[in-house]
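2 protein chains.
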Amino acid sequence: MQQVNLGMIGGGTVGGGVYQALQRNAELLAARLGLQLRLRRIAVKAFDEPRKVHIPRRLMTTHWREVVEDSKTDLVVELAGGTTVARTMVLAALSRGKPVVTANKALISAHGPELFEAARRHGTNLYYEASVGGGIPIIKALREGFVGNRITHLYGIVNGTCNYILTRMKDEGAEFGEILQQAQAAGYAEAEPSLDVDGHDSLLKVGILASLAHGFWVAPGQVYVEGIRQVTPLDIQFAGILGYTIKLLGIVKRVGARVQASVYPALIPDAHVLAGISGVYNAIFVRGDVVGDTLFYGRGAGQDATASAVVSDLADAALDLRFGSPHRIPPFQPYDRAGVVLPIADAVSRYYLRLSVIDRPGVLARIAAILGQARIGISSVIQPEGHEGESVPLILMIHDARDAAMGKALARIARLPAVRETPVMFRVEPLD
Amino acid sequence: MQQVNLGMIGGGTVGGGVYQALQRNAELLAARLGLQLRLRRIAVKAFDEPRKVHIPRRLMTTHWREVVEDSKTDLVVELAGGTTVARTMVLAALSRGKPVVTANKALISAHGPELFEAARRHGTNLYYEASVGGGIPIIKALREGFVGNRITHLYGIVNGTCNYILTRMKDEGAEFGEILQQAQAAGYAEAEPSLDVDGHDSLLKVGILASLAHGFWVAPGQVYVEGIRQVTPLDIQFAGILGYTIKLLGIVKRVGARVQASVYPALIPDAHVLAGISGVYNAIFVRGDVVGDTLFYGRGAGQDATASAVVSDLADAALDLRFGSPHRIPPFQPYDRAGVVLPIADAVSRYYLRLSVIDRPGVLARIAAILGQARIGISSVIQPEGHEGESVPLILMIHDARDAAMGKALARIARLPAVRETPVMFRVEPLD
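The listed protein sequences correspond, in order, to chains A and B.
The number in my numbering is simply the position in the first sequence, starting from 1, with 1493 added.
The number in my numbering is simply the position in the second sequence, starting from 1, with 1493 added.
Treat the hints as calculated values from the structure; they're not laboratory data.
Think of the CB as a built atom: it goes at the ideal place given N, C-alpha and C, for glycine as much as any other residue.
Warning: the hint list may mix true and false statements.
To be verified - Some chain A residues close to chain B (C-beta under 8 Å, calculated; not the full set):
#: 1; residue: Gly1628
#: 2; residue: Ala1712
#: 3; residue: Val1766
#: 4; residue: Gly1769
#: 5; residue: Asp1797
#: 6; residue: Ala1798
#: 7; residue: Ala1808
Chain A extracted, bound-state conformation (with noise of 0.2 Å):
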């Protein structure tokens, strides 16, 4: 049986996870593709580095290069992380003719095209289903399951920090940083969360997605990003009321000649499939001109998850090794050269809006009358009953409305002296 030799930069959690599903499922692997996986070298930082997955110390060494280097090693799996040293890695294993497998969004993020074009000059492929949705063969299913579809729509829960934290807010009611503290402590948060929680995480997945379902580089400096930090548990329960859930969400959207490709916190309908998808779990719902409506659902983190999307990627490259087809799915196919990003300030959507407002007589004509003014449309109203003379909410649903002339309207609502606090805005996506 033929072999294919890997090499391994990354001991850590993900590496351990990729180190582990080889061995345990080593047989069944080679048995199902007619070859061998050997894992020959490992590069790590330090021998001594706790792990939880066992890696023997005869396969280990700390100088990366032993391994891109090594004229046995066939196939680079780079799982060091980072964008500095990590883009060193994996120039210098392309520039040898080596495919690369990497789980490192960040790195494709920064510097794809970069490293699609080296893959490119020689010879050889760079393969990263894992560096979005974890376990989920979301890239997979882009580019190889949908490739007679116009993708026209892509909604995706692609942080399950953010899901995790917005679903325990809903579920119990409670406020954001309080549920942030206990995800911490359970893990299920990093000890600085920003990356998470104000979405760049999240940022940095849609724009590889965005990219490859519209054949043109959506850098991540082009995403518009908003996080989870300003939704409080009265906007959950208003929304509810509403019929509607908050969820972080990814979007990709062809608008006209040009596409949204966004993540903020949206009002989605309760009876939409994505609505339900609770805790750290990932989805991604992507509708194609002739599939119609999807859903990919599963694990979008995590040591094992993560290990899954390599161990696919992994074969993919030994089988293109094997039938020597390294161009066969290239790492990206730009197609649209005139493709280019909507600025978010013509982005149209709905909106909820949440002002504190003093209860008296006339305030909402004077809201209603700077919306008017900008031809902005109200389609419903929450006003609970209050004392007057007390500060209520008063809850707005906008017709769909263009974020700049929403933004407008709402700096003049918010100088109104009958408002406190500062307005709440969200969008709203029907997802229809």
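Since chain A is already given, all that's left is putting chain B on it; use the hints.
This is chain B only, laid out in the frame that chain A set:
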């Protein structure tokens, strides 16, 4: 740009859908694949059949051999349906070394091993993504996305007609027969519905999925099947009270050294993501030992969803032709020579039992005694209040029991004088 010439057999619903998809997204496909898929010829039953999609007369022939034997046809798409002539057609193409793409689950079920062997012998390949789950790329997910996983559990809602009927029965509290009639009038069910409602369509799909998941061929005759005709609004209602939804479920799970492969209406927990799959949609839940829990959702049938899967296979087949890698992923890789299907008599599950009993003292005790003698435990009982001497429903939830033991006990219970009507029994799948 390289060109791959397609010959298609079948100009009906799916054929029309594939033709349309290839026309509509021709440029996109060429740009993504780096090659041109050119439809040379379509064999139809008759030129003048009524068609939703117009196919130009110059592409049509009524002689399928003209398509298969044309030396310029690189790749054959079989969409004729059936298992007799279709088998001849596919074998004729394979014997000429031409790869075949088919959407024909009946053909794959009935003649899979023979066709796979023919493909191998003639150095070519057979692709059948569209045979299961319509537009959902589930075969690609199982074979490629989860190649590094042992698939421990697979639960599928794989028949849209049944799911549509069960969803409406639940929403409206209506009888099976009534909804079936309406579904037939609306085109969601066939005039002859037994293929769907008796579970035979699901069974073929479950056989294919079980084979791919476990590496030995599960013939359709080995899949245990029950349909949904016996499901009543009363059962749906009692299941709801207990926190369950009734779904026609395809079940593939490893039980020791054997594999259970079944289709039956089962009570599944309301909180599980599968319980929320409504209407004509399909969903397949897959648990892998590395990836954990995943779900794939989409339209499981219909012209366009099926066409999406066929085009995906055409793309794979065309790339394999271009790169000379026809065996890259063989149509079926048997690797478990010792694999056997668990006879349903040996399957262990929980049960929901609905009896119609005369409401008088001692009835429950006699039933409990019969179950106790068979060492079958009762986990809960619902006995709606009635008037003594009247016939009332009695619901028993049964702990894990062997099918054979349950069947024997049930036969004894059915013979009790206090038990009127035939007992109703469904399995409960906790999906945990």
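Do the hints match the structure? See the list:
1. The beta carbon of Gly1628 of chain A is positioned within 8 Å of a beta carbon in chain B (closest approach about 4 Å), and the interface hint is therefore held.
2. Contact between Ala1712 of chain A and chain B, as hinted, is not supported at the beta carbon level, the nearest pair being about 21 Å apart and thus beyond 8 Å.
3. Interface restraint check for Val1766 of chain A: the shortest CB-CB distance to chain B comes to about 6 Å, inside 8 Å, so the restraint holds.
4. Satisfaction of the interface hint for Gly1769 of chain A is found here, the shortest Cβ-Cβ separation to chain B being roughly 5 Å, below the 8 Å cut-off.
5. Using the Cβ-Cβ criterion of 8 Å, the hint placing Asp1797 of chain A at the interface with chain B is satisfied: the shortest such distance is roughly 5 Å.
6. At a threshold of 8 Å, the smallest CB-CB gap from Ala1798 of chain A to chain B is about 5 Å, leaving the interface hint in force.
7. Interface hint at Ala1808 of chain A: satisfied, since its Cβ lies 5 Å from the closest Cβ of chain B, which is below the 8 Å cut-off.
Checked against the numbered hints above, the structure violates only hint 2.
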